[in-house]
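Chains as they are written, first to last, in this note's numbering: chain H, 4 to 217; chain P, 4 to 217.
Mixed in with the good hints, there may be bad ones.
No copy is singled out in the list; a pair is fine if it fits within one copy or between any two copies.
In silico SDA-like pairs for lysine to any residue, Cα to Cα no more than 20 angstroms straight-line [as the list claims (entries may be wrong)]:
1. 124 with 151
2. 127 with 145
3. 124 with 143
4. 195 with 131
5. 195 with 142
6. 69 with 159
7. 127 with 202
8. 127 with 140
9. 34 with 47
10. 34 with 142
Read the hints as simulated data drawn from the structure, not as lab findings. Values in this document were obtained by computation on a predicted structure and should not be read as measured data.
Here is what each chain is made of, one letter per residue.
2 protein chains.
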Amino acid sequence: DATEALLTDIATLPKIARMALTNPMPMGPWKITVYDQENFQGKRMEFTSSCQNIMECGVDNIRSLKVECGAWVGYEHSSYCGQQFILERGDYPRWESWSGSNAYHIERLMSFRPVCCANHKESKITVFERENFIGRQWEMCDDYPSLQAMGWPNNELGSMQVQSGAWVCYQYPGYRGYQYILECDRHGGEYKHYREWGSHAQTFQVQSLRRVQQ
Amino acid sequence: DATEALLTDIATLPKIARMALTNPMPMGPWKITVYDQENFQGKRMEFTSSCQNIMECGVDNIRSLKVECGAWVGYEHSSYCGQQFILERGDYPRWESWSGSNAYHIERLMSFRPVCCANHKESKITVFERENFIGRQWEMCDDYPSLQAMGWPNNELGSMQVQSGAWVCYQYPGYRGYQYILECDRHGGEYKHYREWGSHAQTFQVQSLRRVQQ
Chain H
4 DATEALLTDI
14 ATLPKIARMA
24 LTNPMPMGPW
34 KITVYDQENF
44 QGKRMEFTSS
54 CQNIMECGVD
64 NIRSLKVECG
74 AWVGYEHSSY
84 CGQQFILERG
94 DYPRWESWSG
104 SNAYHIERLM
114 SFRPVCCANH
124 KESKITVFER
134 ENFIGRQWEM
144 CDDYPSLQAM
154 GWPNNELGSM
164 QVQSGAWVCY
174 QYPGYRGYQY
184 ILECDRHGGE
194 YKHYREWGSH
204 AQTFQVQSLR
214 RVQQ
Chain P
4 DATEALLTDI
14 ATLPKIARMA
24 LTNPMPMGPW
34 KITVYDQENF
44 QGKRMEFTSS
54 CQNIMECGVD
64 NIRSLKVECG
74 AWVGYEHSSY
84 CGQQFILERG
94 DYPRWESWSG
104 SNAYHIERLM
114 SFRPVCCANH
124 KESKITVFER
134 ENFIGRQWEM
144 CDDYPSLQAM
154 GWPNNELGSM
164 QVQSGAWVCY
174 QYPGYRGYQY
184 ILECDRHGGE
194 YKHYREWGSH
204 AQTFQVQSLR
214 RVQQ
């Protein structure tokens, strides 16, 4: 249905049509431009691959950015630690534009790396009621702004196994609160306990979940 | 209970009722429980239809809530004014759990009402490059965490026309920043200028867009 909608616009939006027809590059190329001041001001740096510590580029922090190609994940600390922020194509003029509503306000973005997505229709994740992949389970291939609306019995997930693609899950409904990026090619796609979701995870609370798109 | 909620709303919201008659069960029944303290503490009140001013129930503000059925929209001020917050099924223990990351922190939720969704696959919206439905256009029936990733040329939408269902659009990619709820049965589904998106809208900036789910 989305494809049909896109096809009607071949004339006006050729890039969209091309994407819909073939999706030739499910992952990449990647490009991100970061700035050390808000509103795309200050020192400007372009990257096409990961950056483990922005201080090595001679700036103290990233304060705005534009994702020009691909999906990325940004981290509060260097070496891909601390709070995680999914970054898809678009403009992010200040820290609030990528942080979740529940983020603690340290306002740092010190490292980032590309994320590999599956073709959109092929993403798959299995969520489990309890840690270590036990209890009730549910295989998902779509976006869910409210897991409870789709019948999940409570506001927690015990563990998750990513079969394909990259996913981002959120503490609150409607894609709000802490973000956890889960990928099939990290940890073997296995996230047995909230401690494996990210160093900032403190509870099993997850109430919405969606695919990461290129 | 369900019938009562619908019947109540037939009087106040005739268009919703009409939709309910022609569309097998597009929504509802609705149920929301609100509390005047954080973490589901303090005075507790249940609603199955809209509330124009929570102060009429003898409390000064809503500080936590649980959506138990249906989708709702909450407002910063009474009479459905100010910042808008989409509320889907799940637990919201404090203001940060429903506000966008870019919300100004007045931390008030004073009125709320049900939102009518279409069947999920039938939602449709047309977005336009410029105000008053002119310029490039794009018909959408899916969720888009990044409009630019799908080929939209910039970080703005000029106007929007909702053909079916309810949609929420966001200032930043990944469903972040200010939220604007758009419905086919409000304004005749027509949102010609950002001034019509909501009283808190100050720019044309919209970078992600998704359907509201029941």
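request  = Could you place residue 127 and residue 140 in one of the four classes (within, between, both, neither) given a Cα distance threshold of 20 angstroms?
outcome  = So residue 127 and residue 140 pass the 20 angstroms test inside one copy only (13 angstroms; across, 32 angstroms).
task = With 20 angstroms as the alpha-carbon cut-off, assign the pair residue 124 and residue 143 to within, between, both or neither.
result = both (11 angstroms within a copy, 17 angstroms between copies)
query = Is it within a copy, between copies, both, or neither that the alpha carbon of residue 34 lies no farther than 20 angstroms from that of residue 142?
reply = neither (32 angstroms within a copy, 28 angstroms between copies)
query = What label fits residue 34 with residue 47 when the C-alpha limit is 20 angstroms: within, between, both, or neither?
reply = within (13 angstroms within a copy, 49 angstroms between copies)
Copy assignment of residue 124 with residue 151, given that the CA separation must stay at most 20 angstroms = Only across copies: residue 124 and residue 151 sit 19 angstroms apart there, 23 angstroms inside one copy, limit 20 angstroms.
query = Is it within, between, both, or neither for residue 195 and residue 131, if the alpha carbons may be no more than 20 angstroms apart?
reply = within (9 angstroms within a copy, 44 angstroms between copies)
request  = Up to 20 angstroms between alpha-carbons, please classify residue 127 paired with residue 202: within, between, both or neither.
outcome  = Neither. Shortest intra-copy (24 angstroms) and inter-copy (39 angstroms) distances fail the 20 angstroms Cα cut-off.
key: Intra/inter-copy verdict for residue 127 and residue 145 if alpha-carbon distance must be at most 20 angstroms   = both (8 angstroms within a copy, 18 angstroms between copies)
inquiry  = With identical chains, the pair residue 195 and residue 142 could be close in the same copy or across copies; at 20 angstroms between alpha carbons, which is it: within, between, both, or neither?
reply    = The answer is within: 16 angstroms in one copy meets 20 angstroms, while 40 angstroms across copies does not.
request  = Give the relationship of residue 69 and residue 159 under a CA distance limit of 20 angstroms: within one copy only, between copies only, both, or neither.
outcome  = between (33 angstroms within a copy, 15 angstroms between copies)
Hint compliance for this structure: hints 7 and 10 are broken, all remaining hints hold.
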